[in-house]
Every structure is written in C-alpha cells, then in structure tokens.
Amino acid sequence: MKSAASVWRMRLWVWFPALVLVVLNLVFLSTYRFLLAGQAQLRAARVERAEKELLDLEADRAALEDVVERANLNRERVDEFYARWVASESERLTQVISEVKNLAQRAGVEASTFHYPEEDLEDYGLLRRSIAFSVNGSYAQLRQFINFVEVSDHFLMLEDVRLNEVGQGDSTIRVQLSVSSLFLRESPQAAPEITAQENLST
Amino acid sequence: MKQALLNLAETPFTNERPVRRISILLWAASVALLVLNVGLYQQHISHQHERSTAIESIEIRRSEAVTTTQRLQQELSALDLEKQNRQVEFLNTQIAKRTFSWSRLMDRLAEVLPETVQLRRVTPRMSDPKDVRILRAGIGSEQAVTVEMTGVTNSDNSLLEFVDTLFEHPSFVAPNLLNESRRDENLNQFTLSVLYLPDRQISDRQLEVTR
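Protein sequence lines, in the order shown, are assigned to chains Y and R. Residue numbering for the first sequence follows this note's numbering, starting at 1 and increasing by one per position. Residue numbering for the second sequence follows this note's numbering, starting at 1 and increasing by one per position.
Bound conformation, chain R alone (with noise of 0.2 Å):
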C-alpha cells in the first residue's frame, strides 16, 4: 500500500543553503578581485606616469647630450687637434731641451769617464717614450735623454771600463758602442750612445759603488 506525502508545513521547505554558500563565495571572490584589479590598475596607471615622465626627461636629456656633443664635436674640429698635438709635441721637446741641464750631464760624465778616455763630442737628444731603444730597456714614464759621444782613448781597456761603468751607474741605461777606429798607432776613436736618465736619484751609497 502506497503511504501518502503529508507536508504539514506552513510554507513548502526550501534548500537555500548551497544558494547562499555559493552567492556569499561569489561576492567575497568579486570583492578580492576588484580589490585586487584596483591595486593592479592603480600601481599600473602610476608606473605608466612614472615610466612616462621619464622617457620624457630622458628624452630632454638625450636631446641636450645630442646638441652639446654636436657643438663640442664642432669646437674640436675646428681646433685642428692633430696640427695642436704636433705642435705640443714639439714644443714640449723645446722646453726639455731648454730646460735640460747640461751641468749634471757633465758630472754624471765625470764620475763614469776613466782618466784616458777624453771625450771630443757630446751630444744629447731628447727621446721620444715610444722609441724601441727606451721600451726594450724598460725605463717605463721617466724621462730619458739620448746622449752621442765621441771620444779618443790611447787604451783599449779604458774603453771598455768607460763601457762597463755607464753600465754600472744608476743615471746612464743600454750603452751602445757603435763604433771604434784606430786613428794613430796610440789612439782609438769611438762612438757611443747612451740613454741618460737627468732625474734619476743617486744615493751616496750608489756613487760609492760607481766610482
């Protein structure tokens, strides 16, 4: 026998609860979102303006930088750099040559020079750094003199000790006996050149071991 469906209720039952967990999901999750895109597009709208702003000062910038190297490149042109450089160059070697001083030169000579060795010739010239004679003996910034002798000796020995004490001594570097002619039967000509450093400090100790 079939029972029959008694509802003795006011108003009919109705499941609202899944509705209501799903709406209240719903609204949180639009909450968090729109929180969320309003942050997003906040922050995104305020880089914009930041990044916007400079691109422009960079932009005014670069056009400065643009125009002032333009002039500069102008100006240097017109300065004739490389004639300025030759020019430089040269007089730089007129005020070493005038400011060279020859009265050390000639003690240096002195303190290395044997008794028979007389010189008849002695001629300095200023040395260019990038010379290959100054970069193979490793002098490095310091300023180095190209000095040419010529001179007599009656003594082959006393040439050789001339030799072996510019060697020796701190101011002179890479002699170079260039030549040696016999011009009688007691006297030897020769012809040397050797690097001559004038600022080179000599410590009373170093002259003690040269002389």
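Bound-form chain Y, shown alone (with noise of 0.2 Å):
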C-alpha cells in the first residue's frame, strides 16, 4: 500500500492547478472586495457630488436666468412707457395744458390762476410738471371735470384738491386742483450738440 503523500503526489497534476486558480480567484475577491470595490464607492460618491453641484449650479443658473429675463422685461416695459406716455416739455408740454384747459371747459367749470411748478426727478430721467388752478362751478361740474382727468389720452395725474371756498346762497364750490404730467428731462448736452449739427450743415 502507498503512503498518503505520495498519492498526492502522484495526483499533483489534478488538485494542484485548481488549488492555484482558487488562490488566484481569491487573491483577484479580495484586490476587487478591498482595492476595486472602494474606488468605486468613491468614484460614485464623486459622481453624486459632481450631480449635487450640478444641480446646485443649474438652479443658480435658473434663477439668474429668471431675474435677467424679468429684468429685461421691466427694461422693455420701461421704455415702453416713456415712449408711449413721456416726451420732452417742447414737445409735449402746450398739448397738456391745453388739454387741462379743455377739460375743464368741457366740464363747464371755470379755470383761473395758474401756476406751473416743476420738480426736477434726475434719478429718472424725467421732469414733473404741475398744472395747479383754482376752478368754481358747481359739485356736479367739479365731478365731470375730474372724471374727465382720469379718462384723459394724456398722463395727467390729479395730485390735491383743496375747497377754497363755497358760495353763498348758490351751489358754487371754489377749489384748488393740482394735476401734474411727467415730461423727459432734455439733457444739458442736447443743446450743444443741436448746435453743432446747425453749424456743420450751414
């Protein structure tokens, strides 16, 4: 009978290559399980942080994309309503008084005293205008003339109203209006600069 050594030995060629593939095998779980595997829980965790930020970064993108948008919508609507309700005083500013005088006449209300301060809004490029005068006639008259302003194509704003007096024995009522528009304010460089083109094209 052989010895145990030597039988394994002897079968040296049929256990021993699967012994080395299994310490091989081993040897590739554990670089994968200690080595692989915790690159590539690291490699996930920088993704997910790369996304988080990402995100972070797109939302910040969003919102700033929101306030541009808004911003040039107000700049838009800005210049929409300069366009559309302010000109300059030579331009615009006879047409507004004449308007008020109007108005009142149409109302049936007389006008008297008028005074024009101005004050100047340089911060926003523009000029107020107001247009305070004393009117008499009745409640009823007062009333038409003020639903006039309100209704009017131009941008007149009715600022105060202040009783002056009320008549005696009549319905006659003596008030002080303020009603002011708003004109743009001409820069102190137009005026050369007009006079320079005169001069180039004489």
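Take the hints with a grain of salt, since some may be wrong.
With the C-beta cut set under 8 Å, the calculated list includes, among others, these residues of chain R facing chain Y [claimed, not checked]: (1) Trp27; (2) Asn37; (3) Gln48; (4) Ala54; (5) Ile58; (6) Gln73; (7) Phe90.
Only some residues are given here: those of chain Y computed to face chain R with a beta carbon under 10 Å [claimed, not checked]: (8) Phe16; (9) Pro17; (10) Val22; (11) Leu24; (12) Leu26; (13) Ala40; (14) Arg43; (15) Leu57; (16) Arg75; (17) Tyr124; (18) Leu126; (19) Arg143; (20) Glu150; (21) Asp160; (22) Gln176.
I should point out that these hints are in silico values taken from the structure, not numbers from a laboratory. All figures in this text were calculated on a predicted structure; none of them were measured in a lab. Glycine included, every Cβ here is placed at the ideal spot set by N, Cα and C.
Need the complex rebuilt from these two chains, each delivered in its own frame; the hints are there to steer you.
In structure tokens form, the structure reads like this:
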C-alpha cells in the first residue's frame, strides 16, 4: 500500500492547478473587495457630489436667467412706458396745458390762476410739471371735470383737491386743483450737440 | 509468532478517494470563484465606464452652466438692477396715481361724510406696502392709499361720528385723527388720515350697514 503523501504527489496535476486557480481567484476577489470596490465607491460618491454641485449650479443659473429675463422685461416695459407716455416739454407741455383747459371748458367749470411748479426727477430722467389752478363750478361740474382728467389720453395725475370757498346762497364751489404730468428731462448736452449739427449743416 | 503480510493484488492498493474529493472540491470552488470574479470585474468595468461617461457629461454641463452663469452675471451687472428697481418702483407709483379713481374716492367719502362735516382738502398718497401702518392694519397685498383730509365742522359729535363711520366702512382702514382746533366759536378744523382700499368690493348689504 502506498503512503498518502505519495498519492497526493502522484495526483499533483489533478489538484494543484485547481488549488492555484482557487488561490488566484481569492487574490482577485480580495483585490476587488478591498481595492476596486472602495475605488468604485469613491467614484460613485464623486459622481453623486458632482451631480449635486451641478444641480445647485443649474438652479443658480435658472434663478439668474429668471432674474435677467424679468429685468429685461422690466427694461422693455419701462422703455415702452417712456415711449408711450412721456415726451419732452418742448414736444408736449403746451398740449398738456391745453388739454387741462379744454377739459375744464368741456366740464363747464371756470378755470383761473394757473401756476406751473416744476420738480426735477433727475434719477429717473424725468421732470414733473404740475398745473395748479382754481376752478369755479357746481359740485356736479367739478365731478365731471375730475372724471375727464381720469379718462384723458394724456398721462395726467390729479394730485390734490382743496376747497377754497363755498358760494353763499348758490351751489357754486371754488376749488384749488393740482394736476401733474411727467416729461422727459432734456440732457444739458443736447443743446450744444444741436448747435454743432446746425453749424455743420450751415 | 508473527503473521506474514500477504498482498495478493495485482497492483498495490492506493486510497485515492481523499485526493479525488479534494480535487473535485477545489475545481468546483475555482470555477465558482472564477464565475464570481468575472461577473464582479465585468460589473466593475461597466460601472466604471458608466461613471466616467457620467463625470464627463457632468463636467461638460458644469462648464456650460459656469459659462452661462458668468455671462448672465455680467449681463445683470450691466443692467444696474438696483437703479432699475428704483425706477420701476417710482413708475409703478406714478401709474397707480394715474389710474387712481378720484371719482370712486369721492363716492366713498360721500357715503361716510356727515352733513355737518365739510372737507376742505383731500390728498391721496400712494402707500408703501412696507409702511408700518399698513402692516399693522393687516391689509396684506391689497393696494392701499393714504388719504389725508382737512375739514371743518360745527359740531364735535359730527367729527366723532365721521371717524366712527370711517372705522365701520369696508373701504377705509385705520382712521387717524391727527389734530383738531377751534377756528372760531362754531367751527372746528381737523386733520385726519385714513387708509383707503380702492379695490375693495362693497356689497349692498355692507353699504346698508355703513350708510
């Protein structure tokens, strides 16, 4: 009978390659378990972090886009407002004064003593020109006049209504009104430029 | 007496069973481990590839987002948002003044004004929604206009009645009697301010109550 050791030696080609293969596989498995899996986990965490950063960045961008969009829209609306409602005094002041007087006439109130105080709204490139005046008429005529001012095509703002006196024995009242409008503030440089152009053309 | 060892087998007996069993076990384990490893490595490689692609894509999107953000920030700083906001706020106030209905205010005042009280001056001012008085009144986002009034009356009770009616009327909030002075024996001059809500709808029932 052969000894056990000699049997193992004799069948070395059967079990030894399998053993080597097992050992190699275990080496690969532990490499994966302790090295590659850790790396993969780190990489996955990096992807996750990068995705979160990207989401934050994209949220910031979206918010910024929204702000820019709204700011541009506001800019357009402001420009539209200026183009539609505001003109320089040289273009529209007399029209506005004339409109107020016409409205008073149409309402049947008697307007008198006009003052035109001016307020410089430099920050907004505007001037506020007020038309302060007295009107005489009945309450109904005064209401009619106020209504005309409200529906006027010009940008008229009724600022203040002050009762001066009530007629004795009749329904006439005397009221001090202040109506204002906005005008474009003409820049001080505009005049020399025009002069220069005129000089050139002449 | 010692017994002689006699082996009559043609070839000597060898017990190969442990070797065979262990070999089978080892081969089976190696195959199983091989399959496991191949699967794991394949999965690992595929995940690595996916993650690399994801990182690349994230980097591209990130770089795009950074570029766009920088461009938008430049655009925004060029817009001078603070100045524009001030301008918009100012223009909104002007538009509110322009669209403010004096006629409706007069109708409302006619509803609350006792016959013995005569208004001498009415000045509406567009109120700032952050105004402490508006916040305290709890109006919320509703548009409020501060109306300052100066008037005269020949009776103390009429003035108080006027203030009470303002308190009761749904279009007026927080009336504030600022001062009262006797001009002559029969005439009291007063100044008061009140928050007016031009957009508040008044039902007929409410009008009946306040009239």
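Against the structure, the hints come out as follows:
no.: 1; hint: Trp27; in the structure: holds, 4 Å
no.: 2; hint: Asn37; in the structure: holds, 5 Å
no.: 3; hint: Gln48; in the structure: holds, 7 Å
no.: 4; hint: Ala54; in the structure: holds, 5 Å
no.: 5; hint: Ile58; in the structure: holds, 5 Å
no.: 6; hint: Gln73; in the structure: holds, 7 Å
no.: 7; hint: Phe90; in the structure: holds, 6 Å
no.: 8; hint: Phe16; in the structure: holds, 9 Å
no.: 9; hint: Pro17; in the structure: holds, 8 Å
no.: 10; hint: Val22; in the structure: holds, 5 Å
no.: 11; hint: Leu24; in the structure: holds, 8 Å
no.: 12; hint: Leu26; in the structure: holds, 7 Å
no.: 13; hint: Ala40; in the structure: holds, 6 Å
no.: 14; hint: Arg43; in the structure: holds, 5 Å
no.: 15; hint: Leu57; in the structure: holds, 4 Å
no.: 16; hint: Arg75; in the structure: holds, 7 Å
no.: 17; hint: Tyr124; in the structure: holds, 5 Å
no.: 18; hint: Leu126; in the structure: holds, 9 Å
no.: 19; hint: Arg143; in the structure: holds, 7 Å
no.: 20; hint: Glu150; in the structure: holds, 6 Å
no.: 21; hint: Asp160; in the structure: holds, 5 Å
no.: 22; hint: Gln176; in the structure: holds, 9 Å
In summary, this structure violates none of the numbered hints.
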